[in-house]
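Residue numbers (our numbering), protein chains in the order written: chain A, 1 to 544; chain B, 1001 to 1548; chain C, 2001 to 2155.
Just so you know, these hints were derived from the structure itself, not from any lab.
It is possible that some hints are incorrect.
[Stated by the list, open to error] Pair by pair, the computed Cβ-Cβ distance ranges are:
#1 B:Arg1145 with C:Gly2075: 35 to 43 Å
#2 A:Asp128 with B:Arg1299: 53 to 61 Å
#3 A:Pro171 with B:Glu1094: 17 to 25 Å
#4 C:Asp2078 with B:Arg1145: 38 to 46 Å
#5 A:Arg434 with B:Arg1284: 44 to 52 Å
#6 C:Gly2075 with B:Arg1104: 33 to 41 Å
#7 B:Pro1452 with A:Val87: 41 to 49 Å
#8 A:Leu452 with B:Gly1116: 40 to 48 Å
#9 C:Arg2063 with B:Trp1544: 24 to 32 Å
#10 C:Asp2080 with B:Lys1328: 27 to 35 Å
[Said to hold, decoys possible] Derived DMTMM-like pairs (lysine to aspartate or glutamate); straight-line CA-CA distance at most 20 Å:
#11 B:Lys1328 with B:Asp1489
#12 B:Lys1411 with A:Glu196
#13 B:Lys1174 with C:Asp2114
#14 C:Lys2126 with B:Asp1182
#15 A:Lys136 with A:Asp179
#16 B:Lys1436 with B:Asp1391
#17 B:Lys1411 with A:Asp463
[What the hints assert, rightly or not] Here are a few chain A residues that face chain B, going by a calculated C-beta distance under 8 Å:
#18 Ser2
#19 Met82
#20 Gln157
#21 Gly241
#22 His247
#23 Leu261
#24 Gly378
#25 Val451
#26 Lys465
Virtual Cβ for every residue (Gly too), placed ideally from N, Cα, C.
The primary structure of each chain is shown beneath.
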Amino acid sequence: MSGPPSTYDALVVGGGHNGLCLAAYLARAGWSVGLLERRHEEGGGLNTEEPSIPGFYHNLHAQFMEFLDYMPFYQDFDLERMGSRSVYPEAQCGITFADGRAPLIIHRPDLLDRTHKSIARYSKADADTFCELKRKTMEIDQFLAASLYNPPPVAEQGKLPNPLANPMIEPMFAHLGLDPTYTLKSPKVIIDELFETPELRMLLYRECVEWGTPVEMEMGGTAFVMSVLWLSAIWKLMIGGTHTLAHAMTQACLREGVTFLESAEVTKIVLSDSRAVGAETADGRTFQARHVVASSVDVRQTLLDLVGAENLSELWRKRTERFRYGPSHVLATTTWCLTEAPHYRSAEVDPEIDRCFYTVVGFEDPDQMMDYIRAAYGDHVPERPGAGMWVNSLFDPSQAPAGMHVATGWFFFPTADRLDERGWEEVRRTYNDRFLELWTQSAPNINSSTVLANRLYTPDQMDSKNRMRFGDFSNGAFAVDQLNSSRPFPEAAQYRTEIEGLYLCGASSHPGGGIHAGPGYNAYKAIAADHGLAELWEANGRIY
Amino acid sequence: MSGDVSTAVRPTDAADGEDGRLSFDAVIIGAGHNGLTLGAYLARSGLSVGVFERRGEEGGGLCTEELTLPGFLHNVHANYHTFVGLAPAFRHLELTEEGLEYVRPEVQMASVFDDGQALCVHTDAERTHASIARISERDADTFRRLQAEARRYVDLMLETFMYGPPVGINDLTKALVTFGLDKRSEFLEAKLRGSTIAQFLDRHFESDAVKAHLAFHAAICGYATDAKGLAIGFPLLVGKIDNWQLCLGGSHRLAHTLWRDLVRHGGLVHVQCDVARILVADGRAVGIELTDGREVQARQLVASSIDVEQTVGRLLAEDPSTAALRAKRSELRHPAWSLFSVHLALSEAPHYAAAAFDPDVDRAWVMNLGYSRVGDLIADWKAAREGRLPDPHPNAAVNSLFDTRDAPPGKFTGLLRQIVPAKPQNGSIESWDEVKDEYATRCIETWQRFAPNIQDAVIASAIDTPADIERKLTNMRDGDWMVGEIALDNLLDKRPLPELANYRTPVERLYMCGSTQHPHGFITFAPGYNALQVIAQDLDLEPWWRWV
Amino acid sequence: MAEVFSTAWLAQWAELINSDESLPDHAPPGLWRIYLRIEGDSASPYVPQDESLHLLLHLEDGRCTKLERGAGPPGPRDLDFRFSGPAAVFEQVAAGQRDPVDAGLEGDIKIAGDMGFLLRHAELVKEIVDLYVGRLETDWPKGKPPYGGEAVSAA
Ligand SMILES: Cc1cc2nc3c(=O)[nH]c(=O)nc-3n(C[C@H](O)[C@H](O)[C@H](O)COP(=O)(O)OP(=O)(O)OC[C@H]3O[C@@H](n4cnc5c(N)ncnc54)[C@H](O)[C@@H]3O)c2cc1C
Ligand SMILES: Cc1cc2nc3c(=O)[nH]c(=O)nc-3n(C[C@H](O)[C@H](O)[C@H](O)COP(=O)(O)OP(=O)(O)OC[C@H]3O[C@@H](n4cnc5c(N)ncnc54)[C@H](O)[C@@H]3O)c2cc1C
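Using the sequences provided together with the hints, build the complete structure.
Printed below as a string of structure tokens:
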């Protein structure tokens, strides 16, 4: 009988980067691991394709890598040796304007003077405040990273987790010199209180939602620090597209001996005596797990669809059913094949904007930005199609044919269920053209004569491609009641489930969405503790 | 608290290779199936292997993408794998152990003709006989004898003509005479080296429809109906006419399988690495340089699985030992024709009008839409060579009939593929961008004519033109999907040039291992496998695979 | 007369090869190592089923320098050609009942090795084969093929 074995020490469901991460550690600890992926490619959100013209590569999901310097998986498995390479652009994120006003550009943290100069064109006070906060934040980045790469704090026995009782918050705010009452406020209120320049506020609102934090989420002070102060402007570009990272991760897994079972859509997690002992696939294959089944698919799909509500306790069933997707963090990816890179009107003032990694286009004032975000977080496609755009070929010629350029961007949209199939089809047909009108106003050289092709990839398609339900890229809403020790819900926050042998290792667990491999890494810690596997963490002097 | 945190050691980035440079025993250029095959064998032989691939994915022609809509898997290039189980790599690399699965559809291929008749080739020879007999009893008997004869010597033919360095056509014909083949065989004879497939068919068959079907089958194998000498390969094609297999989960899965085998044995594939130069020292290949300036050391050998033009003209542009080859660049043969593909997302499978004649056509895999006489094919070849768009007679395949994983439940993928000129207008391959939409519509209309329900079944479509082939795989210049024409004077020991035919090059330890080499393109694993034999000799490797 | 596949039979065959005057003229220079794997089948009384006979034939400059039974198959480096097939087929050929070229062509005897070499030296191959077929006198103590009229064919 040929074919891969059917029994493994551990089965991992889903071959996104979290599944790959957990599989690699388990295999290194000596277990046999079968990784089940329903698609024909590994990587999940690490997805790069040529959707319109061959040779023009677009990252359809994850674009920027903000965690490469922190990610244990990246270091412990020498992913650069496995073929992963990155560029760290100097001008990181900026906003540009149709009237040719000065752009605002935030540079890498090691180039704060340039950031200062850019903001100071509008307000020296804002420049001072921002740069000082950024500098201080980067001083404690390892500490912030440690909060991602550890399971969330365990709530006191019999008590609900209190998001403000987290011991890291007070010292963090003290170190940054921020008023501790900010912990209670929304990022928008904080941004408005700290900065006076409308242009900077707009950019920071956008930065905030970029990382999935609703800008008007109350008790959002910590999220503000994480998403606006820490995780913005430390972005790396994966050479060749983000899928090359998945490729490197896969080679690392192969070297550890992980078995890849692809085109293997898990439809059932098999239980025996209320223990997870295996998985069944849509095409009728069954695989057995001696010790562990770990699912990187979100908690609702894992527990309700794969395990079955009938196998859950009343409490777990209710909790799982109440786990929400969106409205935060639903994106559409817009892809453009260009004969030249955009040349912005604002470049007259600061040419760096033409070499900025991520450029926000199409918003002229803070109200437009807030209307846009509110529309997307509400239930309709925003009227004014502004976007954030990446021209990766500026930094990596391999992503476009010689002399050409490739631009990829994001629109924030409502969840996939807000429109029907026809509705999304209509959006795919028309929205890019509407955006192009705005884009041309800011960058006159981008017009029908320099655009070779374009395509829009919408939230409903993300759902069908990766089972990222409703297009929610965090695999579950970012909301205070679904974060940290409450993610996905308090009883499930330690990666273990009430089913013995079944673990969660995907983005619906702490620390959520993003290419950090935090859930996969933390799930390994939980499994290692339960099964006496080697403590492979805290290598290289790492504090996590 | 901030104090101890900020002084925490920041983990260092991983180092590249020894002395900051990547270094391997064997460096292979291009991760198509030939490069991967050679790499996997070498890795299993204990060499450290690095494969450098220009694209974002390994596989080359083994490429599966969601071209139309998420959930619909389309084989952008190679769709029909006809050497499954025949190529030694299946045994030696234990490909099915990694989970590679194939299906061999019971109705392998079919023709639906203008007059409403149809013909099917089954995996069951008796059913094929019955199908042909409805058109011509005599041809059915002839085909049965041809297939039986060809099947008997297919192993020997593969061993002789595919999985070993090339033999000369003169040696071949002399041997045929010595062994008295003309007397032993009804179909194989030395004079076939001067015949076209059309002539071979005229000699043995009577019905236009049967001849058209057999010529169609050879055409999909890249064999032009009217090219002198190709008749000699025809019996081999018939010997495996019922071994057309579909790679479950998409053709790309084979690429993944080869890749995994390579990595499991210590090799690595580096994607998005355009090789710019082969480094030569003292007449010997010692590494490569990538377009981003990085150098990779090759301690024992470099093998190129890409085209001769790039290898010699670009990667060795300054190397004096290959100057003579560069001067011969214009002698490299590329066909004037290429393939035009329309990939479709469908809400239902085609239901052919000809199912009234033979219901089996609805479960056939490779479908000939309307070539009813050999002349129809010859007209297409002629048009293609003259740069005119032929009236489409695309071949059609619906993989989802046999692989439910390649489309969402209840939905289907469809593929239409047509022989076309590489350069449809004013000698420019880019002119495809202007004519492609209209031509795709004409291809779909042809399908509708034979399967009327297709009209309302199309959910989405994506076009792949010869220009797109070249854009995606730069080694397939001018959309040359065989990387070197299939013509008698460009096969065997003349392929791609006599000087390069034995996989060695004027640069010591630099080998050619891709489809430019004998036998030719297609998912054969053969150029990679054959290059291995030569490399094993030069490096004195233990040939563990031989005799297995 | 010697029993098929016996040591004496092999010696007789070697002698036949070496008595052929014209062979060295056709033969390519150097050593060529040929391995015959004669696989036991249900029909042959000479090679038990599930066992194989491993014969090694060395030709050096057209002379037979070795023809003997090996304990097992030679290592991958120790041979240049391999002919393998069911014992009954080899026996039928030896008995002059089966055309050896047909047996090769039709895949009953599988041939592996540098086929280009075989084609280039087709005449030599034919001569050796003809020797085996026509002139090797063989004793069949356990019965002579085709064994009760049973045709043996792999096809
Ligand atoms: C448009 C978009 C942009 C983004 N941009 C960024 C960015 O710039 N930076 C960043 O850090 N993050 C970004 N993200 C977020 C990031 O992509 C995700 O958080 C991350 O991919 C989650 O990883 P994962 O491994 O948990 O899940 P996924 O990557 O979603 O992988 C899950 C895998 O499981 C498979 N699967 C699902 N169901 C089954 C089943 N039943 N059986 C078997 N397999 C199954 C899926 O096919 C998929 O391959 C973005 C996401 C989106 C959608
Ligand atoms: C439209 C189409 C349909 C086809 N249908 C079939 C079919 O049904 N059945 C079949 O058997 N065959 C089919 N083929 C042919 C088949 O795809 C090829 O014969 C096969 O892919 C050749 O394999 P290879 O490994 O030699 O080369 P390739 O698969 O072409 O691989 C070569 C690799 O080298 C890479 N490369 C090129 N230049 C460089 C460089 N400078 N540096 C680094 N890497 C480089 C390329 O990106 C590519 O990945 C089809 C081809 C096409 C185009």
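Checked hints:
Hint check: arginine 1145 (chain B) to glycine 2075 (chain C), Cβ distance near 42 Å, so the stated range 35 to 43 Å holds. Checked against the hint of 53 to 61 Å, the pair aspartate 128 (chain A) and arginine 1299 (chain B) passes, with Cβ atoms roughly 56 Å apart. In this structure the supplied range 17 to 25 Å is violated for proline 171 (chain A) paired with glutamate 1094 (chain B), their Cβ-Cβ distance being about 57 Å. Taking 38 to 46 Å as the suggested C-beta distance range, the pair aspartate 2078 (chain C) and arginine 1145 (chain B) conforms, at roughly 41 Å.
At about 59 Å, the CB distance of arginine 434 (chain A) to arginine 1284 (chain B) disagrees with the hint of 44 to 52 Å. In this structure, glycine 2075 (chain C) and arginine 1104 (chain B) meet the distance hint of 33 to 41 Å, their C-beta atoms being roughly 36 Å apart. Evaluation of the 41 to 49 Å hint for proline 1452 (chain B) and valine 87 (chain A) yields a failure: the beta carbon distance comes to about 53 Å. For the pair leucine 452 (chain A) and glycine 1116 (chain B), the supplied restraint of 40 to 48 Å holds, since their beta-carbon distance comes to about 44 Å.
Distance hint check for arginine 2063 (chain C) and tryptophan 1544 (chain B): the Cβ-Cβ separation is about 31 Å, which falls inside the suggested range of 24 to 32 Å. Between aspartate 2080 (chain C) and lysine 1328 (chain B), the C-beta spacing of about 33 Å keeps the proposed range 27 to 35 Å intact. For the given pair, lysine 1328 (chain B) sits about 15 Å from aspartate 1489 (chain B) by alpha-carbon distance, which is consistent with the 20 Å threshold. With a C-alpha separation of about 55 Å, the suggested pairing of lysine 1411 (chain B) with glutamate 196 (chain A) is violated against the 20 Å cut-off.
Restraint check for lysine 1174 (chain B) and aspartate 2114 (chain C): satisfied, since their Cα atoms lie roughly 17 Å apart, inside the 20 Å limit. Between lysine 2126 (chain C) and aspartate 1182 (chain B), the direct Cα distance comes to roughly 16 Å. Compliance with the 20 Å bound is thereby established for this hinted pair. A hinted pair counts as satisfied when its Cα atoms are at most 20 Å apart, and lysine 136 (chain A) with aspartate 179 (chain A) qualifies at roughly 15 Å. The straight-line distance between the Cα atoms of lysine 1436 (chain B) and aspartate 1391 (chain B) is roughly 14 Å, inside the 20 Å bound, and the hint therefore holds.
Pair hint lysine 1411 (chain B) plus aspartate 463 (chain A) holds up; C-alpha atoms about 17 Å apart against a cutoff of 20 Å. Satisfaction of the interface hint for serine 2 (chain A) is found here, the shortest Cβ-Cβ separation to chain B being roughly 4 Å, below the 8 Å cut-off. Given the 8 Å rule on beta carbons, the hint for methionine 82 (chain A) holds: about 7 Å separates it from the nearest Cβ of chain B. Annotation: glutamine 157 (chain A) was flagged as interfacial toward chain B, and the flag is violated, the nearest CB pair being 27 Å apart, outside 8 Å.
A least Cβ separation of about 6 Å between glycine 241 (chain A) and chain B falls short of the 8 Å threshold, and the interface hint therefore holds. At about 6 Å, the closest approach between the beta carbon of histidine 247 (chain A) and any beta carbon in chain B falls short of 8 Å, and the interface hint on this residue holds. Because the closest C-beta pair between leucine 261 (chain A) and chain B is about 6 Å apart, less than 8 Å, the hint holds. Among the interface hints, the one on glycine 378 (chain A) is violated; its C-beta lies about 26 Å from the nearest C-beta in chain B, farther than the 8 Å criterion.
With its C-beta approaching chain B no nearer than about 14 Å, valine 451 (chain A) sits outside the 8 Å limit, and its interface hint is violated. Interface hint at lysine 465 (chain A): satisfied, since its Cβ lies 4 Å from the closest Cβ of chain B, which is below the 8 Å cut-off.
When each numbered hint is compared with the structure, violations occur for hints 3, 5, 7, 12, 20, 24, 25.
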